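Residue numbers (the working numbering), protein chains in the order written: chain C, 48 to 464; chain X, 48 to 464.
No lab work stands behind these hints, which were simulated from the structure alone. Note that the structure is a prediction, hence the values are computed from the model and not measured. Please note that the accuracy of each hint is not assured.
Identical copies look the same in the list; a pair holds intra-copy or inter-copy alike.
[As the list claims (entries may be wrong)] Below, computed lysine to any residue pairings styled on SDA-like, alpha-carbon distance capped at 20 Å:
1) K269 / S321
2) K369 / E392
3) K369 / S431
4) K269 / G280
5) K369 / E229
Residue strings, one per chain:
There are 2 protein chains.
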Amino acid sequence: MQATSLSLDVPLLLEQIRTLGAVGADPVAGGRTRIALSDAEKAGRDLVGRWMRELQLDVRVDRIGNLFGILHAATEEGDRRPLMIGSHIDTVCNAGALDGCYGVLAGLAVARAYRTAGAQPARAIVVGAFTNEEGVRYQPDMMGSLVYAGGLAVDTALDTVGTDGTRLGDELVRIGYAGDMEPGSIVPHEYLELHIEQGPVLEAEGQLIGVVENLQGISWQKLTVHGTANHAGTTPTRLRHDAGYVAAAIIAFLREQVVGAAPETTLATTGSLSFEPDVINVIPRKATFTVDLRDPDEGRLQAAEKRLADFLADIAEREGVKIEAERLVRFEPVVFDAGLADEIEASAQRLGFTHRRMTSGAGHDAQMIARIAPSAMIFVPSRSGISHNPREHTDDEQLAQGAQVLLDVVQRRLAAD
Amino acid sequence: MQATSLSLDVPLLLEQIRTLGAVGADPVAGGRTRIALSDAEKAGRDLVGRWMRELQLDVRVDRIGNLFGILHAATEEGDRRPLMIGSHIDTVCNAGALDGCYGVLAGLAVARAYRTAGAQPARAIVVGAFTNEEGVRYQPDMMGSLVYAGGLAVDTALDTVGTDGTRLGDELVRIGYAGDMEPGSIVPHEYLELHIEQGPVLEAEGQLIGVVENLQGISWQKLTVHGTANHAGTTPTRLRHDAGYVAAAIIAFLREQVVGAAPETTLATTGSLSFEPDVINVIPRKATFTVDLRDPDEGRLQAAEKRLADFLADIAEREGVKIEAERLVRFEPVVFDAGLADEIEASAQRLGFTHRRMTSGAGHDAQMIARIAPSAMIFVPSRSGISHNPREHTDDEQLAQGAQVLLDVVQRRLAAD
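Take these sequences, add in the hints, and give me the full structure.
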């Protein structure tokens, strides 16, 4: 089979993105809200399942609700594990239409290209939509792929209680997506995920295709500085134990000394912060804030954590405050499959698309599936880097070009067997 | 008349402090709440007015509700403007019993010492309780003394609308304290105010009496940093416009570069801060925070403001953010009367009390009355510097000793005429 013999139905792909994007739409606040296992998300699942059946895919649902459409191979003989293309269709509140959905629907477009050509692939192609990637109602996020990869027992996941008090397993039954397939029972030969970047790098550099070769490690901490509240006008500086100043000094240190001294890959962010009592003329008694550290290299991530910890000890001593550090999240970096990354780069090159190697800053189902199969990701630009927002946007042409790279890589990988 | 001829009724002073402190008490949250012109504060006024009448003082209420008790002089001939002793009896929410009340009730104790000895002073002694010093419900604070000193037109003050939508003048009528005396019509010859320090300096240095020779200038600003919200994991540091980091860098700069480079008299505090959207993995779009700068020297205060303004311009340029600065409050420093400060120091010395010259970090009615009469203040220690809190505390013995200094100074000043 020639790598150029199949062609995408781009208008239909774009139409399906818009049609799925209308499910759960919020005409007032903008965007759409399809929280995992809600009624709106069930409607999204029903739609995607119907499109799978229209392509005569073999539709399966596993016990954690992951939804798969299988385009069977010409032969099931020998080691013919399938190539899987996946992502998710659940959303955050008032989300864009592309995060996750683009990858699932591009997978269907690839299957459609085979169907339209009357071609059967050398290996089965499985298009997957994983349950609860966003983790809005049920923690942890990326749950469906985590369970699928064996990282979380399915019964434990089903017993998860949501922020609204519901049990995940009950909600799965309620919406009719408690399948009987055992998660992980179809082990992919390789896994590909096409996704919007959700960051500004491709746009800023004028590149079209991101060849995602790794995914950052993430370290989330909540820091609480306990100082002493006192009158802002009557307390000499030398007698202060100012929790607010200490928090500010830590945030400045992270940016100026930790990030500033590290390679550009190390990121530090304080997104959330509060003071108590939060009164203009009272020195803060308490400052509570988050630290989000990321790096694609585990050694560098640990070095950043260490520099922060050392600084906390120093400043606590110097300012006479107590600092508590609570670890919220810690993921080691994921390195994607080098052969798949090379293949993606080669496809982009061949198709004449600008491209760059890059790191995924966000978490994706691919990082979970990477535990059980060679995996990689393809990114397309996100305008202004905006995601998780109604203003999330990628140009139609870019969406089409990303799907072309996906189709090209799939054909190459299946031809290569 | 000998300076030592009069004696204080210390037990009665302490009892009156406790009795007034029980008015508006909150047995659950602790402390007492007598917001200006509330029912609880009316009850406090009624009590103080009754104690004034028991001392056969001539009770007057002016149009802004300032309450005065006049102990008339032996003779009203010539320029016999009175010596005024004042403070306030309104409180913040869940306040201590001493802030303000101590000064008013010590004034009554001084008048009582004259009454008990059957002595008439060479000048009238006026004991004043100024309206709305705390400014909780009606802005500005120190309103009664400001109006009294001619700094705010009484009709404007009466039209002030409170945080609860009430008009101050209506509330004054409602509680029966809309007097007919024109504010400022009794111009003091000199003004004395005895107050708890509300700061930790006297306690930290083991001194009993604070000879308050000046009062800091205050500069309050609200700063708003407008940056760009973006994903914490996907946005390279060089593409960030992180409003949270910029706020932290400003707060750290104030402490490390402005305060750190200035004499110890310059103070900087950020008491209130908030981020938007305030989410762990989103770079803050907006940071809003307060800056409280103080210095007893106007030139140094302006220098601190200038260093801050220069830094704001630099960091806004460097980080690609916009910074708005809104001036909330600006008071120039007040220098109290040197002769009165010398007199207070001499009294403390004579009575064998440890003492130090100091600056008032908080605002007081004395700073307003200083516009129309030589004024000074006497401080006693505040345990741990705590005030505006149920835990506000000064030892009874220290309260008694502070009142002794007040009485001694009053006698000396009246004897000096």
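Identical-chain pair category, K269 with S321, by Cα at 20 Å: both (11 Å within a copy, 16 Å between copies)
Alpha-carbon proximity between K369 and E229, which holds within one copy, between copies, both or neither at 20 Å: neither (48 Å within a copy, 54 Å between copies)
Intra- versus inter-subunit Cα pairing at 20 Å for K369 with S431: between (40 Å within a copy, 18 Å between copies)
Intra- versus inter-subunit Cα pairing at 20 Å for K269 with G280: Classified as between: cross-chain Cα gap 17 Å, same-chain 30 Å, threshold 20 Å.
Up to 20 Å CA-CA - E392 versus K369, copy category: neither (50 Å within a copy, 39 Å between copies)
Checked against the numbered hints above, the structure violates hints 2, 5; every other hint is satisfied.
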